[in-house]
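Asks: All letters in the sequence shown, in the order written, are residues 1 to 185 by my numbering.
No wet-lab data here; the hints were simulated from the structure.
Where a beta carbon is used, it is the ideal one built from N, C-alpha and C, also for glycine.
Be aware that one or more of the hints could be misleading.
Computed list of lysine-lysine pairs in DSSO-like fashion (alpha-carbon distance at most 27 Å, straight line) [unchecked claim]: (1) Lys-164 with Lys-43; (2) Lys-43 with Lys-59; (3) Lys-43 with Lys-129; (4) Lys-69 with Lys-185; (5) Lys-129 with Lys-164; (6) Lys-59 with Lys-69; (7) Lys-185 with Lys-59; (8) Lys-92 with Lys-43; (9) Lys-73 with Lys-59; (10) Lys-164 with Lys-185; (11) Lys-73 with Lys-185; (12) Lys-185 with Lys-43; (13) Lys-92 with Lys-59; (14) Lys-65 with Lys-185; (15) Lys-92 with Lys-73; (16) Lys-129 with Lys-185.
Here are the simulated distance ranges between beta carbons [to be verified]: (17) Val-42 with Ser-22: 28 to 34 Å; (18) Glu-46 with Asn-77: 21 to 27 Å; (19) Asp-111 with Ala-25: 53 to 59 Å; (20) Leu-14 with Asp-36: 29 to 35 Å.
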Amino acid sequence: MKCLKYKMQRGVTLLETLLVLSLIAIIMTSSLRLYDNANTMVKTYEARRQLVTLASNIKSLHANKAVYKDIDKISANNLIRMGAVPVDMINKNEDGIINYFAGQVNIISSDVNTAEDAAFEISYPGVEKEVCYRLLTSYIGADYISNVSGCDKYTKTCVPDMIKISRARPMCENLNNGTMYFVFK
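Given only the sequences and the hints, what does the whole structure look like? Please build it.
Replies: Okay, here's the thing in structure tokens:
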């Protein structure tokens, strides 16, 4: 009787191929999530850094008086010349101040709790929802935030870093044109 020898075939089965492709898909999905999260963290860090630096520099310019009524009369170019604007916020193409998201930043005096011109407001446009959420739950030195759901500058319920995480997400869902207003005293 003759022994039948079977040739061993080298290769992979369909099941093995599907398993490898599934693992690659899981790794790619995880990598994209990590990248997206890191990207959001960078945007949040830059926005926070710009806001804190700009606000503290403006406060330093007005150190001898806590009245900001003249802030409306000071042009963006004068603030730049005075050194109050971080270098990366200077719009090199035209006059003005821009933020990390390339939005035009405006600074005006603000009335808070009926004290006239006792504060100033920085408009910060182009903020993405995820960055808004992170800014609401972190310390940036602002006394109030407005233009997010349930906030205006006269209520103390919208003091950054005191907003609970569970409340911050719905507040940023209806962010009007991506502009947040930060009020500093």
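Asks: Is it true that the C-beta distance of Glu-46 to Asn-77 lies inside 21 to 27 Å, as the hint says?
Replies: holds (23 Å)
Asks: Please work out if Lys-43 and Lys-59 have their alpha carbons no farther apart than 27 Å.
Replies: Roughly 24 Å between the alpha carbons, so the hint for Lys-43 and Lys-59 holds.
Asks: Quickly compare the C-alpha distance for Lys-92 and Lys-43 to 27 Å and report which way the hint goes.
Replies: Holds, because 21 Å separates the two Cα atoms, which is no more than 27 Å.
Asks: Compare the distance between the alpha carbons of Lys-73 and Lys-185 with 27 Å, and conclude whether the hinted pair is satisfied.
Replies: Holds, because 18 Å separates the two Cα atoms, which is no more than 27 Å.
Asks: Are the Cα atoms of Lys-65 and Lys-185 separated by 27 Å or less?
Replies: Status holds; Cα separation ~11 Å.
Asks: Would the pair Lys-43 and Lys-129 pass a check requiring their Cα atoms to be no farther apart than 27 Å?
Replies: Since the Cα atoms of Lys-43 and Lys-129 sit roughly 11 Å apart, the hinted pair holds (cutoff 27 Å).
Asks: Check the hint pairing Lys-185 with Lys-59 against an upper bound of 27 Å on the C-alpha distance.
Replies: This hinted pair holds, its Cα atoms lying about 8 Å apart.
Asks: Taking only the CA atoms, is the gap from Lys-73 to Lys-59 under or equal to 27 Å?
Replies: holds (16 Å)
Asks: Are the Cα positions of Lys-129 and Lys-164 separated by 27 Å at most?
Replies: holds (16 Å)
Asks: Note whether the CB distance of Asp-111 and Ala-25 lies within 53 to 59 Å or breaks it.
Replies: With Cβ atoms ~55 Å apart, the hint holds.
Asks: What's the verdict on Lys-59 and Lys-69, does the C-alpha distance respect the 27 Å limit or exceed it?
Replies: Given that 27 Å is the threshold and the Cα spacing comes to 13 Å, the pair holds.
Asks: Is the distance from the Cβ of Val-42 to the Cβ of Ser-22 consistent with 28 to 34 Å?
Replies: The hint (28 to 34 Å, Cβ to Cβ) holds, given that Val-42 and Ser-22 are roughly 31 Å apart.
The structure shown violates none of the earlier numbered hints.
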